[in-house]
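> Numbering (the numbering used here), first residue to last: 2 to 288.
Derived from the structure by calculation, the hints contain no laboratory data.
None of the values given here were measured: they were computed from a predicted structure.
It is possible that part of the hints are untrue.
So the derived label-pair ranges between C-beta atoms look like this [claimed, not checked]:
id	residue 1	residue 2	range
1	GLU178	ASN240	33 to 41 Å
2	TYR167	SER105	19 to 27 Å
3	GLY47	VAL112	38 to 46 Å
Note that the Cβ used here is the ideal one computed from N, Cα and C, for glycine as well.
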Amino acid sequence: MIYKFNPILKTLVWGTENWVLSGVKGSETVVAEGPDKGKTLNEIYGGEFPLLIKFIDAKQDLSIQVHPDDALAQKRHGCKGKTEMWYIIGASEGAHLLAGLKESITPDDYVRLVSEGRIVDVLADHKVAPGDVFFLPAGRIHAICGGCYLAEIQETSDITYRIFDYNRPGLDGKPRELHTALAKDAIDYKVYPSYKVDYTPKANAENVVVRDSHFTTSVYDLTQPFEIDLRPLKAIDGNFLIVICLEGECRMDSVSLREGEAALVMGGDTLKIEPTSSTLKLLTSHL
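Given only the sequences and the hints, what does the whole structure look like? Please build it.
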C-alpha cells in the first residue's frame, strides 16, 4: 500500500519547515486520500513512526544547535534523541552551513566561547551545492544557514538544544530560549577529517549515502522506469520504505509524486517507479 499525507507547514523566524511525514505528537500528518483518508501516520503504522521527513527552506541562518543521543534524551526527556541527515536541493550563491568542530575544544572551552559569542569560530564551515549530503549523528554541533533548501531525514524527535541564536528575537518579539548548559553534556567534542558524505552518483541506479542504525538512505537519479525490490525490508523492523521526491514527477502504481512530496510504502514485493518528467531525483529511506 502507498500512502500520501497532508503536509504541515511551520513558519519560523528564519524561514519554513514543511513536515511531509511526521509522527511527532501534536504534529502528526494525516492520510490525504484513499480509504484511510484522515488517519494519522501513527495509526497507519501501528505505533509511533520512527522517522520524520521535512523540507527546510532557510531564508536566514538557523540557530547553532545540537541534539542529544537516544540515551541522554531518554534520561532527560523520556523520548528519542535526534540523529539526522541533509540532502541539499537548492543553494543560492555563497550558501553554506555549519557542521562539526574544526578544532579541538573542551567542555569548559565551549562554555567560554558561547559566553563570548565566538562559538562559530571553532565550527567547520561548508559551502554547499545541490546534491551534497551531510550526515549528522546526535551530538554534532550544526546550523543550516540562509540560502539553503534541503530535505531532512531524522529520528522522530523534536528535542533541540539551542546554543547560540545571534541575539535575535523570535516571532513573538521575545528572545528565544537558549540551552547552553544542557548542550554541554550532549556535544561530541571530537574533530573528524570530513563531515560531508563522499559519494559518486550513478544514473538509474541506487546510490546508498547513509547506512546507520537509525536509518538507511539512498539517492536515485532516474531517466527511465526503475524497480525497487522491497522483499529485504520484510526482515527489518517496520517493513516500510519512504520515497521523497526532490525534483521532477513520477508515478508509483496509481500514486503520483512530485517535487516536495513524500510517500510511505508498506508491504509488497516490488515498487515500480515510472518517471513522468525528463529528470527525476528521489530519496528513499528505511530503518
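> Look at each hint and say if it fits the structure.
Quick rundown of the hints versus the structure:
Look at GLU178 against ASN240: about 39 Å separates their beta carbons, and that is inside 33 to 41 Å. In this structure the hint that TYR167 and SER105 lie 19 to 27 Å apart at CB holds, the actual value being about 25 Å. In this structure the hint that GLY47 and VAL112 lie 38 to 46 Å apart at CB holds, the actual value being about 44 Å.
Taken one by one, the earlier hints all hold for this structure without exception.
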